[in-house]
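Residue numbers (this note's numbering), protein chains in the order written: chain A, 20 to 1111; chain B, 84 to 405.
Bear in mind the hints are in silico, worked out from the structure with no lab data behind them.
Some hints could be false.
Quick list of in silico lysine to any residue cross-link-like pairs, SDA-like style, CA-CA up to 20 Å [said to hold, decoys possible]:
hint, chain 1, residue 1, chain 2, residue 2
1, B, Lys377, A, Arg443
2, B, Lys316, B, Arg300
3, B, Lys181, A, Gly611
4, B, Lys254, A, Cys612
5, B, Lys342, A, Arg443
6, B, Lys303, A, Arg306
7, B, Lys303, A, Ala597
8, A, Lys102, B, Lys377
9, B, Lys188, A, Gly611
10, B, Lys188, A, Cys612
11, B, Lys188, A, Ala615
12, B, Lys188, A, Pro617
13, A, Lys181, A, Val165
14, B, Lys289, A, Gly588
15, A, Lys379, B, Asp169
16, A, Lys1024, A, Ser894
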Amino acid sequence: MIHPDPCRQKRPFFTFGTMVLFLFMGIGFAFGLSRLLLGLGAVTNLSDRSPWGIWIAVDVACGVALAAGGFTTAALVDIFGRKRYHSLLRPALLTAFLGYLWVAISLLFDLGRYWNIWRPVFHWQGNSVLFEVGMCVTFYLMVLSVELSPAILEGLRDRMDKGEWGAAILRWIERPLKMAYDAVRAILPLFICAGVVLSFMHQSSLGTLMLIASTKLSTLWQTPILPLLFLLSAIMVGFPMVILESIYASASLDRKPEMEVLGPLASRIPWFIGLYGLVKIADLIVRHNQLNFLSHPGSTVALVIEIVAGVLVPFILLQVPTVRQSRNWLLFSVLLVIFGVMLNRINVFLIGYHPAYMVKPYFPSVGEIALTVAIICSIVICYRFFVIYFPILPADGTNPEAGPDALRTASHPTLSPLLTWIFRGIAAAFLLFFVLLYAFVHKQAMTQSLKAYRDVQVVKARATFPAGNAATHEFRPAGYRNYYVLNSELLNSRSGYFEPVRFSHRTHDVNTGGDCSVCHHRVASDKNDRVGEDIKEMHLNIDVRLGGACSSCHDMTEKAPTACAQCHGLPNEADNPARIGLKGAYHRQCIGCHAAQPQGANAPTACNSCHHPLTPDHSKLVTLPSTASTRQVTERCLACHENVGQEILKTAHWNWKGMSPDITGHEHSVNVGLNNTVDNYYISMGSNIAQFSKFHIGSEVLGTNHEYSDPADIDCLVCHDSTGGHTRGGPAGGSLQVSVTNQTEMVGMLVGRPNRANCGGCHFYTGGGPNFEHGDLEPSLTKPGAELDVHMGMVDMRCQDCHQISRHQVAGLSFAAPALEGRVACEDCHGSTPHGITGFLSRHLDDHVRTLSCEACHIPQFAREYPTLMATDFSQAGKDLPASTNALGMPLYDRKFGVLAWGENVVPVYRWFDGTREIRMVGDKIQPTETVSLNAPLGERRNPLARIYPFKIHTAMLPYDAERKTLVAPRLWDGYWKDYDWTNAIVTGMKEMGLPFSGKVGFIKTEMYSALHHTVPPARQALGCTDCHAVEAVRCQRCHQKAEGMDQPTHTRMVYPETTNRMDFKALGYQDDPALIGGRFYMRLGRGRPPQ
Amino acid sequence: MHINRRNFLKLAAVVTGAAGASSTGAATQNFGTEPVASHVGCLVDTTLCIGCRQCEIACSTRNKLPKSDPPLADRTVYRKERRPTDTAFTVVNEYSGKPSPDQPKVKQTYAKVQCMHCLTPSCVSACIVGAMTKAGDGAVVYNPEICLGCRYCQVACPFEIPAYEFSEPLKPRVRKCEFCTDHTQGTGANPACAAACPTEALVFGKRSDLITLARDRIQKRPDRYLGRIYGEKEMGGTSWLYLVGRPTAELGLLDLPDKVPSHLTEAIQHGIFRYGAIPMVFYGLLGCIMWYNKRKEENGMQDKSEDLISKMTGGAPKGRAP
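Here chain A stands alone, though its shape is the one from the complex (with noise of 0.2 Å):
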């Protein structure tokens, strides 16, 4: 029969379709630009969990599978022979060209890296189906370009024939383009072969790709027979998608359907819906094991919706033959075999995927559903095109252009058989060729990659571990140390942020009661041995129990604890794998026993604790104006630190006046403060407080109706300025004197955790000079001397180690100031069994832990380098007598303060103090006929909370309102100091608190305590025995009785013989020393003799 050539349709390329098309084009590469400007991310929904959305599913997957209608056509037709559809070849093989070529471009919008999308051609990774799947449709595209070229060149043919628009250039290349004709129509039936065997490979491949997540597809679609699925439904849907677009065609070109083409066509497709359902139902039957329809009803409805309205009901409709014979049936049955195959892919990619982690189910994104669309437009755009200006379609009667042309109705070449075999050879050589070329660069790249990373090298560390300083013991072995500083090289090369970790072997050591085996828990028999024998073990085998100081059986001065680093080195060594490295040890030892210890105690566990951070150069973080005032400074402090204003807003330090617990009466109060306290030194600061502000932490001046309200008057350098050129001076012209030197350069580079100079600055000048107050606070602790005091000179420890900080709040109960943020004590540390392996001395020492605070044994002197004010005569002042000084250097009388007495390395007097203590207060009620004192210590000895603490003692005579009898707060500034009026300034005083003053003037004696806790000297200049016990007290056999020879001079030992009577026991409630007769709480002496 004779079936119509192709030819052009004579349609116009813009009609309200076309704009339609366009519009959605528009749109939708629209959202393809913001894709390439701005990332998947800001257009898609694409995510970590979901990295395949419908760009994949629907454009490559779906467009791949429905543009199987080119290679099912071709076989049908140049394969198998059946010319009667020969007209459909060409709209197929054009929408199957489509089809790929904007698989291609959306595959440029989805790929992350689309400039790298020639890759796969040089780089080959034989073992992945996507490259597969990648390198057949590209050829594929190639192949189906050569199919195609006939109409192209045909149509450019036509065009040069006709005289249109160009043909002037055609005409030029006339000679090549015929000779290229001719080389197409040669080589064609190897590329119609080529195209349907691709076409086999990468459609069964599509299938074979979801099948690497085993874990995440869906059992309804997980088969092996994946593949098969995918190609015999490609095949499927192949006819329909011809059908499809051939009615399209006639509707949107005028044209009338061709039935009877179609027909026919259509009555093969259920041969091949019928194959696809067989096999895929018998693939759900013989899984039928595996499958799990409930776990994602949402999958299960997809199946079902699948099979059945994309298999079972087309497959029923096609074999009726009037719907094959009815345009709009058979359209509807072919839209069905459609829809379901598009269902199928985009359940194999999209709605059967369940990764495991996924929180939010994917949907697509505007944007990627406007792609989408836009690429059918697209092709239905493109096709429009082509079938306009190329040969495509068939013509029909309403197409006056058909017409017999020689070109096309020949039945033999043109060229010779010659030339046709030098063509077929070229074509067959460029197959080679190509071949060897991917063979040879594919090996080329796998070397190249791999040669990267060949190489291995493991990179070891060493690390060394020094051991810090402190001096070794009696009683214990020679590698002993104190103190540790854990200064790690390895550390330190990760991160220079952290301050080496100091570590206290002695309070740890006494904290297990002397039994070193907690932590050194392995004994090595020489210094090559890393391994050594478990000591618990060890003892067992020789029957020894174990349970106790170590030093109560050997003499460890001989026998050391294997040291930590002898055994831990690096990780995961050789010859012992089950040893952890030295890093591994120090933590899981230290804070794993620290985490089981009970709550309260100073075991810590944070990080930070133990690595205190480094304070960063701020110089690279802060830019001020070398003329910034105080406030300025603050204010870019608080700029980043923005919670800590409002945190100092609420301490002791701004307010000076706190919490006071401890103190009876005033228990529940929070407004006992330096402001309405009296005390010897200045009588009372309420009523000076101006004069005051330079030690204030803020930088106004104070005033009885001051505001303590403003984070920006808050001096943050007075703690944090580490340069030591932060001095505060003043107040004078209303306000202080703040000066720095090089303020930015200090604040930029030196700010830091605050040193004993910062807290110094305040704390050792209280009382008008340096000591003066205290006693046991002098200037010299910012540099002291070992001898001075071992935390703070032997061991360079800050105030905040011990006075700990939590928000801002100091730790710390001071008998001058009254607000109490936190406790310190020294067990903290030291624990409550502190003299551990101290020798056989060890528990007798410990024994008076339950009476004596360590500070009392500990401090036996005070003021032992700058002297410290001991008494203050008031009455005597405003007198015109000598300013003589004492041997000293110490003024004995000041016109403005009157007669001062002064110490030096004084012995300290004994009180009983259970941790509680009275205050008086401005305006308070005395008896003029006692000592008044300000600040006493509550404590007795028979409450057991109680224990004996050293104490300076200062007495003063201080004004008093003789008749109303209370105390006073007499002016001094601008007051007493300028008239030498007592009177005077007790009134102006007074009615600047707001307070009663009758007038009249007396003077009392009161005494103000002062408690001992710092300059602690090393140990062996602790008290001795005899230093407080009567000598013939203090000897072995009293209890011992068969001790005799083993009396050593160092138990009675007398450490500072020039004291006479330094501890008055009967002052302290015992009948008479306690050695001799007995307890604290015993009748007897002791706890009773030891037995026979």
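Fit chain B to the known structure of chain A by using the hints.
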């Protein structure tokens, strides 16, 4: 176009020769079916992890990633279960409950998540250009230069590890732990996380040694560990191994089969396409059918045209024997 037997045979010979040559590139070496003696790994002991997240910091520092947004002291990060992202190669997640039966006082268990460096990585098999490769020491490393950004590795990974820089428009990369392999120096696995862990809950070493160590720990402390090393066989074995004191499902570790998915896909691929044999046979078959139908058409057309001519001329057909 004129196909006769001679022409066809020549054609077939040429094309089959081309196909045979294509076999050289078809099969590439499949790494990692068996653990090589020098393969390294890392053992995570979840009973020792204290959740300090130093591993995250060390990883971010070594790989020059941005610092994690809430600082370490902020424990509120643990409220949600996190996954590795394009700016965090590893995360630690918290699960309430004690890590093992012999730690009754510990209230939380922590588990670290990162690329498992499988012995037979699905991502390596999947990657279209081989941007994901398994290095000689067992680390799975990524080469962004040849990556297309197709994200098939994300689809393939059963542990859902590779993260993608979706926010980057021009040069997005796949981001994941690479065992701290230093591409510029050419040095191999040297994980910063294992070096940083203060309690040595992470132990880095040869995988075979780690298995021995893990079995040793299980045997010595049956009250502490469940008798299973997670990662020993899952998905064919991974380089990152986990010791657990409670069921792995409670620690966010997926219950995965021992089956290796890439074995199936590679079997299908190599089975069908090895040496290009089946496609070429199919090609030849199609060629035969095409030739046969062409012959039939020509004969048919000759018959038909002779019928037509005889009809038109009304005489006996010429040139054909009756």
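Each hint tested on the structure:
1. B/Lys377 <-> A/Arg443: holds (18 Å)
2. B/Lys316 <-> B/Arg300: holds (18 Å)
3. B/Lys181 <-> A/Gly611: holds (15 Å)
4. B/Lys254 <-> A/Cys612: Cα-Cα ~50 Å, so violated.
5. B/Lys342 <-> A/Arg443: violated (48 Å)
6. B/Lys303 <-> A/Arg306: violated (44 Å)
7. B/Lys303 <-> A/Ala597: Roughly 11 Å between the alpha carbons, so the hint for B/Lys303 and A/Ala597 holds.
8. A/Lys102 <-> B/Lys377: holds (11 Å)
9. B/Lys188 <-> A/Gly611: holds (11 Å)
10. B/Lys188 <-> A/Cys612: holds (12 Å)
11. B/Lys188 <-> A/Ala615: holds (8 Å)
12. B/Lys188 <-> A/Pro617: Holds. B/Lys188 to A/Pro617 sits at ~12 Å (cutoff 20 Å).
13. A/Lys181 <-> A/Val165: Violated. A/Lys181 to A/Val165 sits at ~25 Å, over the 20 Å cutoff.
14. B/Lys289 <-> A/Gly588: With Cα atoms ~18 Å apart, B/Lys289 and A/Gly588 stay inside 20 Å; holds.
15. A/Lys379 <-> B/Asp169: The hint holds at about 19 Å.
16. A/Lys1024 <-> A/Ser894: holds (10 Å)
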